[in-house]
Amino acid sequence: MSEADDAQRLARERALIEDLSDPNNLPGSPRQIELARTHGSLVFLADDDVYKLKRAVDFGFFDFTTLAARRADCDAELRPNRRTAADVYLDVLPIYADDDGFSMTRAHGEPVEWAVHMRRLPDDVRADVLLRTGRLDAGRVAELAAATARFHREAEPHDSTFDALRTNIAENFEQTRPMIGRHLDQATFDDLHAAQHAWLEKSSVRLASRPACDGHGDLRLEHVYFLDGGPVMIDCIEFNERFRIADPALDVAFLAMEAYREGRGDLAEVFLGAFAYESDDYEFYPIIDGYMSYRAFVRAKVAGFVADDPGTSAEVRTRKRDAAERQFELALDLLAPRDSARIVAIGGLPGSGKSTVARAVRALLFGPIISADATRKHLAGVDKLAAAGADAYTPEFSARVLDEIVQRTDCVLASGRTAIVDTTFYSGDALERVAKLAADWQVPIDFIECTAPVDVLRRRLRQREGDVSDADTRVLDKFLARRDRVALDAPVVHHLLDTDCDPNIVRESLVEWLLG
Numbered sequence: 415m416s417e418a419d420d421a422q423r424l425a426r427e428r429a430l431i432e433d434l435s436d437p438n439n440l441p442g443s444p445r446q447i448e449l450a451r452t453h454g455s456l457v458f459l460a461d462d463d464v465y466k467l468k469r470a471v472d473f474g475f476f477d478f479t480t481l482a483a484r485r486a487d488c489d490a491e492l493r494p495n496r497r498t499a500a501d502v503y504l505d506v507l508p509i510y511a512d513d514d515g516f517s518m519t520r521a522h523g524e525p526v527e528w529a530v531h532m533r534r535l536p537d538d539v540r541a542d543v544l545l546r547t548g549r550l551d552a553g554r555v556a557e558l559a560a561a562t563a564r565f566h567r568e569a570e571p572h573d574s575t576f577d578a579l580r581t582n583i584a585e586n587f588e589q590t591r592p593m594i595g596r597h598l599d600q601a602t603f604d605d606l607h608a609a610q611h612a613w614l615e616k617s618s619v620r621l622a623s624r625p626a627c628d629g630h631g632d633l634r635l636e637h638v639y640f641l642d643g644g645p646v647m648i649d650c651i652e653f654n655e656r657f658r659i660a661d662p663a664l665d666v667a668f669l670a671m672e673a674y675r676e677g678r679g680d681l682a683e684v685f686l687g688a689f690a691y692e693s694d695d696y697e698f699y700p701i702i703d704g705y706m707s708y709r710a711f712v713r714a715k716v717a718g719f720v721a722d723d724p725g726t727s728a729e730v731r732t733r734k735r736d737a738a739e740r741q742f743e744l745a746l747d748l749l750a751p752r753d754s755a756r757i758v759a760i761g762g763l764p765g766s767g768k769s770t771v772a773r774a775v776r777a778l779l780f781g782p783i784i785s786a787d788a789t790r791k792h793l794a795g796v797d798k799l800a801a802a803g804a805d806a807y808t809p810e811f812s813a814r815v816l817d818e819i820v821q822r823t824d825c826v827l828a829s830g831r832t833a834i835v836d837t838t839f840y841s842g843d844a845l846e847r848v849a850k851l852a853a854d855w856q857v858p859i860d861f862i863e864c865t866a867p868v869d870v871l872r873r874r875l876r877q878r879e880g881d882v883s884d885a886d887t888r889v890l891d892k893f894l895a896r897r898d899r900v901a902l903d904a905p906v907v908h909h910l911l912d913t914d915c916d917p918n919i920v921r922e923s924l925v926e927w928l929l930g
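Residue numbers (my numbering): 415 to 930.
For the record, the hints were derived by calculation from the structure and aren't laboratory data.
Predicted model only: the values in this text are computed from it and were never measured.
Hints may contain errors.
For lysine-lysine, the following DSS-like pairs were computed, each having C-alpha atoms within a straight-line distance of at most 30 Å [stated by the list, open to error]:
1) K892 with K798
2) K798 with K850
3) K616 with K850
4) K850 with K892
Derived DEER-like restraints, expressed as beta-carbon distance ranges [claimed, not checked]:
5) Q600 with T865: 55 to 63 Å
6) D420 with T452: 12 to 20 Å
7) G515 with R549: 40 to 48 Å
8) V907 with E810: 28 to 36 Å
9) A777 with E655: 36 to 44 Å
10) G515 with L641: 32 to 40 Å
11) H572 with D604: 30 to 38 Å
12) T519 with A777: 50 to 58 Å
13) D551 with P437: 34 to 42 Å
Beta carbons: idealized from backbone N, C-alpha and C, even for Gly.
Sequences and hints are given; from them, build the entire structure.
Following this line, the structure appears as structure tokens:
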């Protein structure tokens, strides 16, 4: 686009902004109108409605320079977003022009622009606002992980999109090279290029084996709202399927990366662990840091685009330059090796509080929980809260469960993180297998054996509701009759934990053993 064309585009865009900021030119004559500008959109936030226009720009991965392309993209935005926010994405409305300017209320001739019409959601329940105000807690994060896993399960499946990922990474560096000297220096660019391509090469087999689905593509904190009915996700990518159809873990990586960016790596790890549990997918752990680095690079690049846009105000330009610089640095930091790998194995009789203790350990170390009960349900093909059936408790099936537990633990350790393993460890060679894994990775292993009086165990089992475990008092009696004990021949640090006491005392013991 020539300088004259660019000047004409900017002048027309300024007129659009001025005219559509007049309440008389929007449906319903709203009392207040706010403008949010992105690299690809002009978003007019009215009282209860949102009107989103496509900007006449070309960034390579989308080209909105013709009215037909802008209209087509408005239409395309409805379908994928209605999967997660059906009552938010309402329709596409025309914008007209007459002697008095642009308007959505005065029909005159043919439409000159189009806008996606959305229901406005309350800002105070948006995830980024909740995070900044200290209201985004582990419970909400786990709820979002469950909703994300459910969305991916219901999405259209696709084969691996590893080739598209390679293309996207190459495109990122091609589009970012002109930013050297403004938003990042040559050394950072070179280091990022080397680090991301080394990760691609090292992880190529695993990346190529990952299934894909028609996901979200832009699952960021500002696109998640916590409403009464649960989390609502908006603004998925519509303009390029190459960004939306991908490994589900790439969606997860966006949210986790942003939590890290905001200094809340603890919430990022809780989200990753909850997603792994809900999706029964721990295979993403060895590649998730590379995915987060890729997402940070994307956000840095987009911030650079906005900073370089002639229509961007001086204040926003400064803010976006800072954001680009920080996120390029974050993209590099996220690929640095982690050194927190360890195993915390938690065992004990049914009803001894293993799962409760596992959650307490997670709150201290932020590692994912690998639950034998959940693993068994996954292999049996039943919902986590449904009974697995007798066939899922045969010695042969239990051996499969242990193999899967070891595999999941191995994936977590490969990422440099702590793995929290929740099973009885009262039969077979489970502890020995897990301890061998720790030895192979040369990481420490703690075994916390949960205990409580038998009458307490029975009471807890009778009171269970909505629990992933199928164990009841009959299962406990079988354990007691066999007089099973944990084989402590394995090289572990053994802790005996009485769970029939104040939870604060339990936590103090865990802090002493694991953080002391």
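Quick rundown of the hints versus the structure:
Proximity of K892 to K798 is assessed by CA-CA distance (about 23 Å); at most 30 Å being required, the pair is judged to hold. A C-alpha spacing of about 28 Å is found between K798 and K850, which places the hinted pair at or below 30 Å, so the restraint holds. For the hint linking K616 to K850, the alpha-carbon distance of about 24 Å falls within 30 Å, and the restraint holds. A hinted pair counts as satisfied when its Cα atoms are at most 30 Å apart, and K850 with K892 qualifies at roughly 28 Å.
A hinted range of 55 to 63 Å for the beta carbons of Q600 and T865 is consistent with their spacing of about 60 Å. Between D420 and T452 the Cβ separation comes to about 18 Å, which falls inside the hinted range of 12 to 20 Å. The supplied range of 40 to 48 Å is met by G515 and R549, whose beta-carbon atoms lie about 41 Å from each other. Evaluation of the 28 to 36 Å hint for V907 and E810 yields a pass: the beta carbon distance comes to about 32 Å.
Checked against the given bound of 36 to 44 Å, the beta carbons of A777 and E655, roughly 39 Å apart, stay inside it. At about 36 Å, the beta-carbon gap between G515 and L641 stays in the expected band of 32 to 40 Å. Distance hint for H572 and D604: a CB-CB separation of about 34 Å, consistent with the stated range 30 to 38 Å. For the hinted restraint 50 to 58 Å between T519 and A777, the CB-CB distance of approximately 54 Å keeps it satisfied.
The given range of 34 to 42 Å is respected by D551 and P437, whose C-beta atoms sit roughly 38 Å from each other.
Comparing the model with each earlier hint shows no violations; every hint is respected.
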